Amino acid sequence: MSKVTGAEILIKSLVEEGVKHIFGYPGGSVIPLADKMFGNKDITFHLTRHEQGAVHAADGYARATGEVGVCVATSGPGATNLVTGIATAHMDSIPIVAITGQVKCALIGNDAFQEADMVGITRPITKHNYLVKDVNELAKVVKEAFHIARTGRPGPVLIDLPVDVQLQQAEFRYPKTVDLKGYKPTYKGHIGQIKKLAKTMTRSKKPLIYAGGGIVLSDGANVEITKLARKMEIPVTTTMMGLGAFPGDDPLSLGMLGMHGTAYANLAVQEADLIIAVGARFDDRVTGRIDTFAPNATIAHIDIDPSSVSKNVSVDIPIIGDARLVLKELNAHARKGDYAAWRGKIAEWKRDFPLKYKNDDKLRPQYIIEQICEITKDKDVIIATEVGQNQMWAAQHYTYTKPRTWISSGGLGTMGFGFPAAIGAQVGKPDHIVFDIAGDGSIQMNIQELAMAVIEKIPVKIAILNNGYLGMVRQWQELFYDKRYAWTVLSEKAATVCPDFVKLAESYGAKGIRISEKKNVKKAIKEALKEKGPVIMDFIIEREENVFPMVPAGETISNMLHGLA
Amino acid sequence: MPRFIISALVENKFGVLARVAGLFSARGFNIDSLAVGETEDPDTSRMTIVVDADEKILEQVKKQLNKLIDVIRVQDLTGGKYVDRELILIKVKAENTGVREKIVQVVDSTGAEIIDIGRKTLTVEESGDAHKVGALVELLRPYGIVEIVRTGKIALQSDMENV
Chain R
127 MSKVTGAEIL
137 IKSLVEEGVK
147 HIFGYPGGSV
157 IPLADKMFGN
167 KDITFHLTRH
177 EQGAVHAADG
187 YARATGEVGV
197 CVATSGPGAT
207 NLVTGIATAH
217 MDSIPIVAIT
227 GQVKCALIGN
237 DAFQEADMVG
247 ITRPITKHNY
257 LVKDVNELAK
267 VVKEAFHIAR
277 TGRPGPVLID
287 LPVDVQLQQA
297 EFRYPKTVDL
307 KGYKPTYKGH
317 IGQIKKLAKT
327 MTRSKKPLIY
337 AGGGIVLSDG
347 ANVEITKLAR
357 KMEIPVTTTM
367 MGLGAFPGDD
377 PLSLGMLGMH
387 GTAYANLAVQ
397 EADLIIAVGA
407 RFDDRVTGRI
417 DTFAPNATIA
427 HIDIDPSSVS
437 KNVSVDIPII
447 GDARLVLKEL
457 NAHARKGDYA
467 AWRGKIAEWK
477 RDFPLKYKND
487 DKLRPQYIIE
497 QICEITKDKD
507 VIIATEVGQN
517 QMWAAQHYTY
527 TKPRTWISSG
537 GLGTMGFGFP
547 AAIGAQVGKP
557 DHIVFDIAGD
567 GSIQMNIQEL
577 AMAVIEKIPV
587 KIAILNNGYL
597 GMVRQWQELF
607 YDKRYAWTVL
617 SEKAATVCPD
627 FVKLAESYGA
637 KGIRISEKKN
647 VKKAIKEALK
657 EKGPVIMDFI
667 IEREENVFPM
677 VPAGETISNM
687 LHGLA
Chain W
56 MPRFIISALV
66 ENKFGVLARV
76 AGLFSARGFN
86 IDSLAVGETE
96 DPDTSRMTIV
106 VDADEKILEQ
116 VKKQLNKLID
126 VIRVQDLTGG
136 KYVDRELILI
146 KVKAENTGVR
156 EKIVQVVDST
166 GAEIIDIGRK
176 TLTVEESGDA
186 HKVGALVELL
196 RPYGIVEIVR
206 TGKIALQSDM
216 ENV
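In order, the protein sequences belong to chains R and W. Residue numbering for the first sequence follows our numbering, beginning at 127 and increasing consecutively. Residue numbering for the second sequence follows our numbering, beginning at 56 and increasing consecutively.
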């Protein structure tokens, strides 16, 4: 067999893995790879304008498609610019493979130009990582990296590849199988535990399903959980990462729980006698004060990652396994109990404490989200968000009915995530309408990717909820720091927008629309949807609108600030 | 805080030690001792980790250890039967003949060994469990200990465990 270079081995391996898109940015340590990629027919390279844009785009692609997202950066600063995106993917269990160039093997550890110890830097924020110093190992490493990224609890894997290894030659033999002694994820749940849960469900009077991002990640698990909930008539609340895991328009849906969850979801958690957590990790934004969380409930926890179980709350019925497989088995054993009284109580809470906002003549963000939802509800839509108030309004006021339609940085809460992630999602799902719901703060963190969106005609619709503030921090300052808006004022007045996002869109060659009045919202959204390229909709919203309900940090989750009476 | 003894069978590759140590340091735990060496299979190493930790957090650390791709198996030896050893070298002051004789007596009676003789010091080697090693240190302390180096504990689950 003839020999090929390391760069060619890498590309051939990626093709073997079915990779069709790579997001990245060139640099000295990846020129051999870029050179071999040039003109490649199997893989499209998407040139971002910042490495952070590349990793978030790979992440968005993975969230939207369920495939492994791939990004490339050069050594040193290129590689370290990936760190935030890798950590984002790690916190949300998103399968990506990040490939970084590295200085020549002989220079590693010598403080060479553009050298950074990427294996060391990314150790705590990857599922696994590799430094490949022998070209003969490369194909095996790529095979393992994709296997590790997409199986078990998914996550990011980094491959650090010295530039001289990219040039060395070896025969290309792609391994057919992977055998890692220390990595054998458990997929099938323990049948005894599943039966125990089924029995507990039948005996329970106030059961509640608490569905997390694990349902979205385990393709098909949403079908099983919907079947379970409807057959048993058990109400379902989802985490923010679990939005779309269960149809938000189902009468059994309680929407999101936690800090900005619905009042009825939080009240239901606190009164439930059985919580069936699936692919959710009891994050502090969900539980609030941990010692008062779900005080009356037996807690069952289905999760593929044993380290998630009993990490934050003590679990009575742990079931380690894949969400879809465990739920399928549970569906086979579960018998219905009598929960009519419980559903009646929840219906009362729903009636007494609905999600609400002041729907007057002013331009309020919740109204904008509702209109986006109304106009797009019968279409295939993906909503990506930035982080902050925009994210919470998008979580609360858009109704998600399918998995992989909500793309948001949950665990890490990464500002600047939404727009590049939306681009990645659009690349993966070209037939979908993709929105990025943004704040004027977050969008400025990766707005440079407009260049890529315009040039590649990636038609992401950006809805900026522009209040001239870093809104969520301002909200905390209003409520808990006596309205001292330290460092959170981005524009002195809403009218004096800075930057002028319409002009900014136009300068990149995109369309920009400014909307200051409620009556123009629908028209603007429809106009944006007609456009073939990216569009910025700059909504000048009520400046001091808050996200309610809100559980103050460290409080019991039923202890909510409701805002409007 | 209680002291735990964890034994981890890991892949014999570079970087594995850092991954394991990182799990403890990320939680602010001080590792009392960590000994690592190749096993009967040159592809694997065994680590013995002694750590003072809160029980709940240690449970999490064990799960996180298991989660590492390079970690093949994790055993908590703390509650069960195990055999353990550590090796210690003690350099002790011995400036006149009388003192030297006394130290030689101590060393002979404990089964330790003198491995280096200098003009002003003797270096004593001892291996054994923590109690034995600790006792020798105390016996030699009155003569003036110049330097100590110890390997940290290595431990294996006892076969008696399954009897």
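There could be a bad hint or two in this list.
[What the hints assert, rightly or not] List time: in silico DSS-like cross-link candidates among lysine-lysine, alpha-carbon distance up to 25 Å:
1. R/Lys488 with R/Lys609
2. W/Lys111 with R/Lys266
3. R/Lys325 with R/Lys353
4. W/Lys175 with R/Lys648
5. R/Lys310 with W/Lys148
6. R/Lys307 with W/Lys117
7. R/Lys322 with W/Lys118
8. W/Lys117 with R/Lys302
9. R/Lys310 with W/Lys117
10. R/Lys314 with W/Lys118
11. R/Lys555 with R/Lys167
12. R/Lys310 with W/Lys146
13. W/Lys68 with R/Lys307
14. W/Lys68 with R/Lys230
15. W/Lys175 with R/Lys307
16. W/Lys68 with R/Lys437
17. R/Lys505 with R/Lys307
18. W/Lys111 with R/Lys259
19. W/Lys118 with R/Lys437
20. R/Lys314 with W/Lys117
21. W/Lys111 with R/Lys269
[Unchecked claim] Stretch-level coverage of chain W by chain R, calculated; a stretch enters the list once three of its residues show a Cβ under 8 Å from a Cβ in chain R:
22. 63–72
23. 117–131
None of these hints come from the bench; they were simulated from the model. Since the structure is predicted, the reported quantities are computational estimates derived from the model, not experimental observations. C-beta: ideal position from N, C-alpha, C; glycine also.
Structure-based check of all given hints:
no.: 1; hint: R/Lys488 with R/Lys609; result: holds (22 Å)
no.: 2; hint: W/Lys111 with R/Lys266; result: violated (37 Å)
no.: 3; hint: R/Lys325 with R/Lys353; result: holds (18 Å)
no.: 4; hint: W/Lys175 with R/Lys648; result: violated (92 Å)
no.: 5; hint: R/Lys310 with W/Lys148; result: violated (54 Å)
no.: 6; hint: R/Lys307 with W/Lys117; result: holds (17 Å)
no.: 7; hint: R/Lys322 with W/Lys118; result: holds (24 Å)
no.: 8; hint: W/Lys117 with R/Lys302; result: violated (32 Å)
no.: 9; hint: R/Lys310 with W/Lys117; result: holds (16 Å)
no.: 10; hint: R/Lys314 with W/Lys118; result: holds (18 Å)
no.: 11; hint: R/Lys555 with R/Lys167; result: holds (19 Å)
no.: 12; hint: R/Lys310 with W/Lys146; result: violated (48 Å)
no.: 13; hint: W/Lys68 with R/Lys307; result: holds (13 Å)
no.: 14; hint: W/Lys68 with R/Lys230; result: holds (20 Å)
no.: 15; hint: W/Lys175 with R/Lys307; result: violated (52 Å)
no.: 16; hint: W/Lys68 with R/Lys437; result: violated (29 Å)
no.: 17; hint: R/Lys505 with R/Lys307; result: violated (45 Å)
no.: 18; hint: W/Lys111 with R/Lys259; result: violated (39 Å)
no.: 19; hint: W/Lys118 with R/Lys437; result: holds (10 Å)
no.: 20; hint: R/Lys314 with W/Lys117; result: holds (22 Å)
no.: 21; hint: W/Lys111 with R/Lys269; result: violated (36 Å)
no.: 22; hint: 63–72; result: holds (count 3)
no.: 23; hint: 117–131; result: holds (count 10)
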